[in-house]
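Enquirer: Following this note's numbering, the numbering of the sequence shown begins with 1003 at its first residue and continues without gaps.
Derived from the structure by calculation, the hints contain no laboratory data. Model, not experiment: these values are computed from the prediction. Fair warning: there could be bad hints in the mix.
[To be verified] In silico SDA-like cross-links for lysine to any residue, where the CA-CA straight-line distance does not exceed 20 Å:
#1 Lys1201 <-> Ser1176
#2 Lys1152 <-> Glu1113
#3 Lys1152 <-> Glu1165
#4 Lys1024 <-> Lys1067
#5 Lys1067 <-> Gly1078
#6 Lys1022 <-> Glu1099
#7 Lys1152 <-> Phe1120
#8 Lys1146 <-> Asn1094
#9 Lys1084 <-> Glu1113
#10 Lys1162 <-> Ile1188
#11 Lys1146 <-> Lys1162
#12 Lys1024 <-> Ile1054
#13 Lys1152 <-> Ser1173
#14 Lys1088 <-> Val1147
#15 Lys1152 <-> Trp1115
#16 Lys1067 <-> Phe1080
#17 Lys1201 <-> Lys1067
#18 Lys1152 <-> Glu1116
#19 Lys1133 <-> Glu1116
#20 Lys1201 <-> Lys1088
#21 Lys1084 <-> His1124
#22 Lys1088 <-> Arg1065
#23 Lys1146 <-> Asn1163
#24 Lys1022 <-> Gly1056
#25 Lys1084 <-> Ile1054
#26 Lys1084 <-> Ser1122
#27 Lys1201 <-> Arg1092
#28 Lys1133 <-> Ser1122
#29 Lys1201 <-> Phe1080
#30 Lys1025 <-> Gly1041
#31 Lys1024 <-> Gly1078
#32 Lys1146 <-> Thr1096
#33 Lys1067 <-> Gln1105
#34 Lys1084 <-> Val1049
#35 Lys1088 <-> Lys1133
#36 Lys1162 <-> Asp1130
#37 Lys1067 <-> Gly1091
#38 Lys1201 <-> Lys1146
#39 Lys1146 <-> Pro1189
#40 Lys1201 <-> His1124
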Amino acid sequence: MPDIYIISTGTGHPDMLTGKAKKALSLIDLAVGGERFRGWVSVPYHVPEPLISGTHEFIRNNRGKRIGVLVTGDAGFFSLAKSVVKEFGRENVTVIEGISVVQAAFAAIAEPWENAVFLSAHGRNGFDAEKAVNAERFLILCDKVNNPRKIIEENSRLIKNFELWVTANLSLDSERIHRVTLNEPIPEDALSCVVGIRKTGE
1003 MPDIYIISTG
1013 TGHPDMLTGK
1023 AKKALSLIDL
1033 AVGGERFRGW
1043 VSVPYHVPEP
1053 LISGTHEFIR
1063 NNRGKRIGVL
1073 VTGDAGFFSL
1083 AKSVVKEFGR
1093 ENVTVIEGIS
1103 VVQAAFAAIA
1113 EPWENAVFLS
1123 AHGRNGFDAE
1133 KAVNAERFLI
1143 LCDKVNNPRK
1153 IIEENSRLIK
1163 NFELWVTANL
1173 SLDSERIHRV
1183 TLNEPIPEDA
1193 LSCVVGIRKT
1203 GE
């Protein structure tokens, strides 16, 4: 029976936890994840460093116990879950799905996302700008280095051909949904997304 629970936490607020995620949190003996989720569990909690290898080490050292691996958004979208499943085998893992930043970001601007292209510059050297430029709509995950301002200023075709928004801290009290224009500063929030919808007629 699987003893590793990869629990999707949604976009950051406890209200975004699904019923399945809440049930999984009640079943685990130990938990591992980011500092922001420490208060979400009543069992011993570990913040790994570095993230991937530290999580693997914690799991290896606690086999035989039910371990919850808390991940942001949905476990299937640019998540730590991929490395955990690869390291320990899918037969030992139960993945609990969640509300992803994709769903939240497109809902925030009242746009569908079924034909969107998803890219990540988070923790990477960059992203495939051509995929974004050639898409009808896209979402790019950002980080401190590859923040929205840098991405947009270094890829002028984005603001030329797309309506752009920067979304950050979705579902939290500090939530930001910013429509990008040429006349206002572009946000530099680290944990954010750039969402683009191709302009009509382009």
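Enquirer: For each hint, tell me whether it holds in the structure or not.
Expert: We went through each hint and held it up to the structure:
no.: 1; hint: Lys1201 <-> Ser1176; in the structure: 29 Å, violated
no.: 2; hint: Lys1152 <-> Glu1113; in the structure: 24 Å, violated
no.: 3; hint: Lys1152 <-> Glu1165; in the structure: 17 Å, holds
no.: 4; hint: Lys1024 <-> Lys1067; in the structure: 18 Å, holds
no.: 5; hint: Lys1067 <-> Gly1078; in the structure: 24 Å, violated
no.: 6; hint: Lys1022 <-> Glu1099; in the structure: 8 Å, holds
no.: 7; hint: Lys1152 <-> Phe1120; in the structure: 18 Å, holds
no.: 8; hint: Lys1146 <-> Asn1094; in the structure: 34 Å, violated
no.: 9; hint: Lys1084 <-> Glu1113; in the structure: 28 Å, violated
no.: 10; hint: Lys1162 <-> Ile1188; in the structure: 15 Å, holds
no.: 11; hint: Lys1146 <-> Lys1162; in the structure: 24 Å, violated
no.: 12; hint: Lys1024 <-> Ile1054; in the structure: 24 Å, violated
no.: 13; hint: Lys1152 <-> Ser1173; in the structure: 24 Å, violated
no.: 14; hint: Lys1088 <-> Val1147; in the structure: 28 Å, violated
no.: 15; hint: Lys1152 <-> Trp1115; in the structure: 24 Å, violated
no.: 16; hint: Lys1067 <-> Phe1080; in the structure: 26 Å, violated
no.: 17; hint: Lys1201 <-> Lys1067; in the structure: 52 Å, violated
no.: 18; hint: Lys1152 <-> Glu1116; in the structure: 27 Å, violated
no.: 19; hint: Lys1133 <-> Glu1116; in the structure: 16 Å, holds
no.: 20; hint: Lys1201 <-> Lys1088; in the structure: 40 Å, violated
no.: 21; hint: Lys1084 <-> His1124; in the structure: 16 Å, holds
no.: 22; hint: Lys1088 <-> Arg1065; in the structure: 16 Å, holds
no.: 23; hint: Lys1146 <-> Asn1163; in the structure: 25 Å, violated
no.: 24; hint: Lys1022 <-> Gly1056; in the structure: 26 Å, violated
no.: 25; hint: Lys1084 <-> Ile1054; in the structure: 10 Å, holds
no.: 26; hint: Lys1084 <-> Ser1122; in the structure: 15 Å, holds
no.: 27; hint: Lys1201 <-> Arg1092; in the structure: 42 Å, violated
no.: 28; hint: Lys1133 <-> Ser1122; in the structure: 11 Å, holds
no.: 29; hint: Lys1201 <-> Phe1080; in the structure: 27 Å, violated
no.: 30; hint: Lys1025 <-> Gly1041; in the structure: 16 Å, holds
no.: 31; hint: Lys1024 <-> Gly1078; in the structure: 18 Å, holds
no.: 32; hint: Lys1146 <-> Thr1096; in the structure: 31 Å, violated
no.: 33; hint: Lys1067 <-> Gln1105; in the structure: 33 Å, violated
no.: 34; hint: Lys1084 <-> Val1049; in the structure: 18 Å, holds
no.: 35; hint: Lys1088 <-> Lys1133; in the structure: 27 Å, violated
no.: 36; hint: Lys1162 <-> Asp1130; in the structure: 17 Å, holds
no.: 37; hint: Lys1067 <-> Gly1091; in the structure: 16 Å, holds
no.: 38; hint: Lys1201 <-> Lys1146; in the structure: 28 Å, violated
no.: 39; hint: Lys1146 <-> Pro1189; in the structure: 11 Å, holds
no.: 40; hint: Lys1201 <-> His1124; in the structure: 26 Å, violated
When each numbered hint is compared with the structure, violations occur for hints 1, 2, 5, 8, 9, 11, 12, 13, 14, 15, 16, 17, 18, 20, 23, 24, 27, 29, 32, 33, 35, 38 and 40.
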